[in-house]
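> Everything in the sequence shown is counted per the working numbering, starting at 217 for the first residue and increasing by one.
These are calculated hints, taken from the structure and not from any lab test.
All C-beta atoms in this analysis are idealised placements derived from N, C-alpha and C, irrespective of residue type, glycine included.
Just to be clear, a hint being listed does not mean it is correct.
[Claimed, not checked] Taking CB as the label site, the calculated pair distances span:
no. : residue 1 : residue 2 : range
1   : N425      : S287      : 29 to 35 Å
2   : E309      : A260      : 23 to 29 Å
3   : R258      : E420      : 20 to 26 Å
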Amino acid sequence: MPNILIVEDDLAVRDVVQIALEREGFSVDAVSDGEAALKRFRSAGAFDLVLLDIMLPGLDGISLCQELRKSSDIPVVMLTARDGERSVVLGLEVGADDYVTKPVSPLEIVSRVRAHLRRRRVDAPDQRLAFPGLVMDLLRRQVWVDDKRVDLTAAEFEVLKSLAAHPGWVYSRQQIMEQLWDGEFYGEVRTADVHVRNIRRKIEADPKNPRYILTVRGMGYKFAEIA
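With the hints as extra help, turn the sequences into a complete structure.
So this is what it looks like as structure tokens:
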């Protein structure tokens with residue numbers, strides 16, 4: 217049974233999310249502040265996903281996400297106000313995988329959680345995508361650049377895998393996000409730009425002059441056809 221950690225200081229929101237997930241068979245642990253969440257994360261054993269409010273008393277959601285990323289690649293989905301675009305971008309840049317805007321929809325929360333948990337399962341063994349200087353191990357969900365391990369978030373891994381699986385194919389922002397969400401994406405397509413920027417920062421020697429993920433002006437992105 218997947219174990220979900222909810223970090224939300226608004227009791228009404230916390231209860232709605234917890235009830236929705238428990239009705240779907242998830243095990244749920246809920247706390248109201250960042251310090252309690254960090255303590256629970258370190259002491260309570262493995263969680264499969266964190267739902268994280270950005271605006272928290274004490275240790276805020278951005279800082280908590282940074283702390284979690286020091287030791288874990290667990291999917292992190294932010295809960296944010298509808299006008300919190302700047303916070304969303306910052307959250308994605310420090311390692312969050314996704315966001316849901318408030319007021320939250322129980323159906324959307326459940327759908328997002330299921331999608332992230334499903335994405336972490338790899339069906340085919342020993343799958344690898346290999347290019348000069350870059351290797352993706354799809355079984356272990358690991359990326360190596362010039363024989364050095366690079367840590368990507370779950371969402372970043374999926375975006376890179378989708379592009380790298382078809383070098384030369386051009387994907388629009390909408391298509392990238394639909395690939396990420398198995399065709400069920402209804403959010404802001406510009407989120408794709410943040411993911412690509414973060415991936416470039418981690419795998420490219422010069423992110424401003426990328427070797428692997430190229431921008432196709434007016435269309436989207438493609439993975440370079442590298443001989």
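> Confirm or reject each hint.
Hints versus structure:
1. At roughly 33 Å, the beta carbons of N425 and S287 sit within the given window of 29 to 35 Å.
2. Distance hint check for E309 and A260: the Cβ-Cβ separation is about 27 Å, which falls inside the suggested range of 23 to 29 Å.
3. With their beta carbons about 33 Å apart, R258 and E420 fall outside the hinted range of 20 to 26 Å.
Of the numbered hints given earlier, the model fails hint 3 alone.
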